[in-house]
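Here the sequence shown stands for residues 3 to 141, numbered as in the numbering used here.
Hints may be right or wrong, so weigh each one.
[Unchecked claim] Estimated spans, in silico, between C-beta atoms of each pair:
(1) 8 - 78: 25 to 33 Å
(2) 132 - 77: 16 to 24 Å
(3) 21 - 72: 13 to 21 Å
(4) 55 - 28: 15 to 23 Å
(5) 28 - 114: 15 to 23 Å
(6) 60 - 114: 16 to 24 Å
(7) 78 - 33: 32 to 40 Å
(8) 76 - 113: 15 to 23 Å
In case anyone wonders, no lab produced these hints; they're calculated from the structure.
All figures in this text were calculated on a predicted structure; none of them were measured in a lab.
Virtual Cβ for every residue (Gly too), placed ideally from N, Cα, C.
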Amino acid sequence: MTQSAAPDIVVYICCNCIAQSVRLPRQWRQDGAQVLVREVPCSGKMDGQYLFHAFEGGSRGLCVVACPKGECHLAQGNYRAEIRVRTIQQLLSEIGLEVERVELLHFSPSDQPERLEPLVRDAVQRVSSLGAVSPPAAG
Numbered sequence: 003m004t005q006s007a008a009p010d011i012v013v014y015i016c017c018n019c020i021a022q023s024v025r026l027p028r029q030w031r032q033d034g035a036q037v038l039v040r041e042v043p044c045s046g047k048m049d050g051q052y053l054f055h056a057f058e059g060g061s062r063g064l065c066v067v068a069c070p071k072g073e074c075h076l077a078q079g080n081y082r083a084e085i086r087v088r089t090i091q092q093l094l095s096e097i098g099l100e101v102e103r104v105e106l107l108h109f110s111p112s113d114q115p116e117r118l119e120p121l122v123r124d125a126v127q128r129v130s131s132l133g134a135v136s137p138p139a140a141g
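Please work from the sequences and hints to get the whole structure.
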């Protein structure tokens with residue numbers, strides 16, 4: 003993937019919800035889509051504009067991996083992430099795009115480490131199956 007090419011799917015993963023030893027590849031191809039993983043300090047620290055920027059850059063979807071409810075290291079970051087994901091889904095709906103293009107996943111440092119990659123890859127497959135973003139028809 004070149005620096006100028008937008009990834010098809012961006013995965014934002016909270017550093018606090020994964021153990022130090024658990025890491026996903028930084029990028030890969032899956033189902034014809036280029037996937038880019040970005041670690042963030044807390045899923046709740048991302049604002050909606052930051053998330054929506056992935057679509058503005060040409061991505062077809064995104065996944066946010068946050069701590070499970072009640073397990074956020076920074077008190078309520080996972081709740082903030084959930085609100086922001088719902089806000090982006092609402093914006094997508096308003097412009098005629100599928101809300102399924104944005105997924106919120108939960109993962110805990112106490113979860114089995116080998117569970118993370120299949121969890122993310124399944125979400126990427128669901129988002130990828132929606133295809134490229136097409137502008138709504140003018141009407």
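Which of the listed hints are broken here?
-> Hints 2 and 6 not satisfied by this model.
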